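Participant: If you want the building blocks of each chain, they are given just below.
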Amino acid sequence: MIAPATHLPRVVLYEGPGSQPFKGAERLALLAGLLDRGYWVTRADTTAAASDGNAVLVVGCFAGAAPAVVADSQPVSVIDATGLASDATIDRIEVARADEPMNRPNGPDTWKPWFPVIDTDRCTNCMQCLTFCLFDVYGVASDHTLRVENPANCKVNCPACSRVCPEVAIMFPKYHAGPIDGSPVRQQDVAAEKMKVDISALLGGDIYERLRQRSEGAKARFSKERDAKQALSERRRCLTKLADAAQIPREVLDALPTPEEIERRTAAAAEKAAAALAAQSTPATPTT
Amino acid sequence: MTTASKPSTDSAEPRIVYCRCAYAQVVPEEVKQEVLAGIAASGRGFEAVADLCEMAARRDPQLKALAADDRPLKIAACWPRAVEGLFRLADAPLPTHGVEILNMRSDAAPQVLASILEQPAGVTDTEADV
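Same order as they appear, the protein sequences are chains A and B. The first sequence begins at 1 in the numbering used here and counts up by one. The second sequence begins at 289 in the numbering used here and counts up by one.
These are computed hints drawn from the structure, not numbers from a lab. Warning: the hint list may mix true and false statements.
Said to hold, decoys possible - The following residues of chain B were derived to be distant from chain A, with all beta-carbon distances above 10 Å:
1) Ala312
2) Glu318
3) Glu335
4) Glu342
5) Gly373
6) Ala396
7) Ala397
8) Ala402
9) Ser403
10) Gln407
11) Ala409
Stated by the list, open to error - Calculated from the model, a selection of chain B residues having no Cβ within reach of chain A, i.e. all distances over 12 Å:
12) Ala328
13) Glu372
14) Pro383
15) His385
16) Glu388
17) Ser394
18) Pro398
What the hints assert, rightly or not - Distance condition first, Cα-Cα at most 20 Å in a straight line; then the derived SDA-like pairs of lysine to any residue:
19) A:Lys112 <-> B:Pro316
20) A:Lys23 <-> B:Pro316
21) A:Lys23 <-> B:Ser330
22) B:Lys352 <-> A:Thr120
23) A:Lys112 <-> A:Ala152
24) A:Lys272 <-> A:Glu260
25) B:Lys352 <-> A:Asp119
26) B:Lys352 <-> A:Lys23
27) A:Lys272 <-> A:Val140
28) A:Lys112 <-> B:Ser330
All figures in this text were calculated on a predicted structure; none of them were measured in a lab. Backbone N, C-alpha and C fix where the C-beta goes; we use that ideal spot for every residue, glycine too.
Sequences are here, hints too, so could you generate the full structure?
Facilitator: What follows is the structure in structure tokens.
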């Protein structure tokens, strides 16, 4: 989950008048250490820009009172790093930051920012992805175009919706390969994506309908044999094809809701998509 | 070199933004470290963020502030198509001119550094250091 904080903690590394510059290696270690802990760092040697109201930690090697470093009157904490190693400076910053919620990289509950990003130059607003996604990631903007509404709902490492996009318009910037990672789309990529849509069709036209049928088959077998292990095994076997075709991680498939819930969510998404498509084709009422 | 370069006629010193991609290992570690070292040693002011993806997901208002700044903008991050999409997702579309996106995912650090530290005509090193 995304940490509830709406602002990144911001550190201003000040090296202007009224301070001594950091040594090269210390500056780099401080920067890297703060970034790897999730901070936003501004390196400044003049007055730093305003920061949209969030608290700022100013860090520098001050030879006395710290100068006014931030342009507006937002809350500012000052840390004098004179004589401190980068680790000790970071410790002081962490103390000064107090307990503000923060999504730490590499933390035990870290949310990896994994979500679809739309290439609006390619997207035709066909709403196939909205219809496909069971997790309410997509929505419709006020101008009836596709919008990534709830990025945190996306299932980490699952690029399945990009596989149903006929225009190769859905990127996952943290994906390992192109064009899903955002690298340029080549003609052969477009052809490959169309092929994947065809594979999906071979599986039954509608991947969730197929899933529902498979799951119900497994459920019927389960009720006859009362063997949970066998039912689970059947479900896993049947889902393998789907996972391969759409590159859906196994844990996402395992965590899918009941067939009834899938059906309900699919219907709701389809309704939303249909409304958007209808609005797109309706000429705007002229204003007088 | 992979960039999305929309040169500005503005001769103001560009703002520099560096993305650490701290939540995933898709940008080569040595490239992002070398680029950070080069920017840090340049004496220039810059913004360094832990992860543009994470900020975009939260629709962080800082991204709007960056996109709305009048000065040219140079961003060291990953694929330009992805970076532009991230800013759009955050309701902070990048301007069509004056933005250059350098790709640490595909390009070598010296190439990225040469582009990101290049000054527009009319800006001297002395001015850049102020």
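Participant: If a hint holds in the structure, say so; if it does not, say that too.
Facilitator: Structure-based check of each hint:
1. Interface exclusion of Ala312 (chain B) from chain A breaks down, the closest Cβ pair being 4 Å apart, not more than 10 Å.
2. Consistency note on Glu318 (chain B): stated as away from chain A, and its beta-carbon is indeed over 10 Å from all of that chain's, at 13 Å minimum.
3. Listed as a non-interface residue, Glu335 (chain B) fails to keep its Cβ farther than 10 Å from every Cβ of chain A; the least gap is roughly 5 Å.
4. The beta carbon of Glu342 (chain B) sits about 4 Å from the closest Cβ of chain A, which is not more than 10 Å, so the claim that it is off the interface is violated.
5. Residue-level check failed: Gly373 (chain B) sits 4 Å from the nearest beta carbon of chain A, not beyond 10 Å.
6. For Ala396 (chain B), the condition that its CB be more than 10 Å from all CB atoms of chain A holds, with the nearest at approximately 16 Å.
7. With a least beta-carbon separation of about 14 Å from chain A, Ala397 (chain B) lies farther than 10 Å from that chain, consistent with its non-interface assignment.
8. Under the 10 Å C-beta cut-off, the non-interface status given to Ala402 (chain B) relative to chain A holds; the minimum distance is some 19 Å.
9. The non-interface label for Ser403 (chain B) is consistent with chain A: the shortest C-beta to C-beta separation is roughly 18 Å, beyond 10 Å.
10. At the 10 Å boundary, the C-beta of Gln407 (chain B) stays outside the reach of chain A, the nearest C-beta of that chain being 16 Å off.
11. Distance to chain A confirms Ala409 (chain B) as a non-interface residue, since its nearest Cβ pair spans about 22 Å, more than 10 Å.
12. Distance check for Ala328 (chain B) against chain A: the nearest CB is about 5 Å away, which does not clear 12 Å, and the non-interface claim fails.
13. Under the 12 Å C-beta cut-off, the non-interface status given to Glu372 (chain B) relative to chain A is violated; the minimum distance is some 8 Å.
14. Even its closest Cβ contact with chain A, about 15 Å, leaves Pro383 (chain B) beyond 12 Å, as expected for a residue assigned away from the interface.
15. For His385 (chain B), the condition that its CB be more than 12 Å from all CB atoms of chain A holds, with the nearest at approximately 17 Å.
16. Taking the minimum C-beta to C-beta distance to chain A, about 16 Å, the non-interface status of Glu388 (chain B) holds against the 12 Å cut.
17. Not every C-beta of chain A lies more than 12 Å from that of Ser394 (chain B), the closest at about 7 Å, which undercuts listing it as non-interface.
18. Chain A leaves Pro398 (chain B) outside its interface by the beta-carbon criterion, the shortest separation being 17 Å against a cut-off of 12 Å.
19. A C-alpha spacing of about 17 Å is found between Lys112 (chain A) and Pro316 (chain B), which places the hinted pair at or below 20 Å, so the restraint holds.
20. Annotation: proposed proximity of Lys23 (chain A) to Pro316 (chain B) is violated, straight-line Cα distance about 26 Å (limit 20 Å).
21. For the suggested pair Lys23 (chain A) and Ser330 (chain B), the alpha carbons sit about 13 Å apart, so the restraint of at most 20 Å is met.
22. For the hint pairing Lys352 (chain B) with Thr120 (chain A), the CA-to-CA distance comes to about 18 Å; that is within 20 Å, so the pair holds.
23. Taken as a hint, the Lys112 (chain A) and Ala152 (chain A) pair is honoured in the structure, with Cα atoms around 9 Å apart against an allowance of 20 Å.
24. Simply put, Lys272 (chain A) and Glu260 (chain A) have alpha-carbon atoms about 19 Å apart, close enough for the 20 Å limit, and the pair holds.
25. With a C-alpha separation of about 19 Å, the suggested pairing of Lys352 (chain B) with Asp119 (chain A) holds against the 20 Å cut-off.
26. Taking the CA atoms of Lys352 (chain B) and Lys23 (chain A), the gap is about 33 Å. The hint is violated against a cut of 20 Å.
27. A hinted pair counts as satisfied when its Cα atoms are at most 20 Å apart, and Lys272 (chain A) with Val140 (chain A) qualifies at roughly 8 Å.
28. Of the pairs offered as hints, the one joining Lys112 (chain A) and Ser330 (chain B) is violated, with about 31 Å between alpha carbons and a cut-off of 20 Å exceeded.
The earlier numbered hints that this structure contradicts are 1, 3, 4, 5, 12, 13, 17, 20, 26 and 28.
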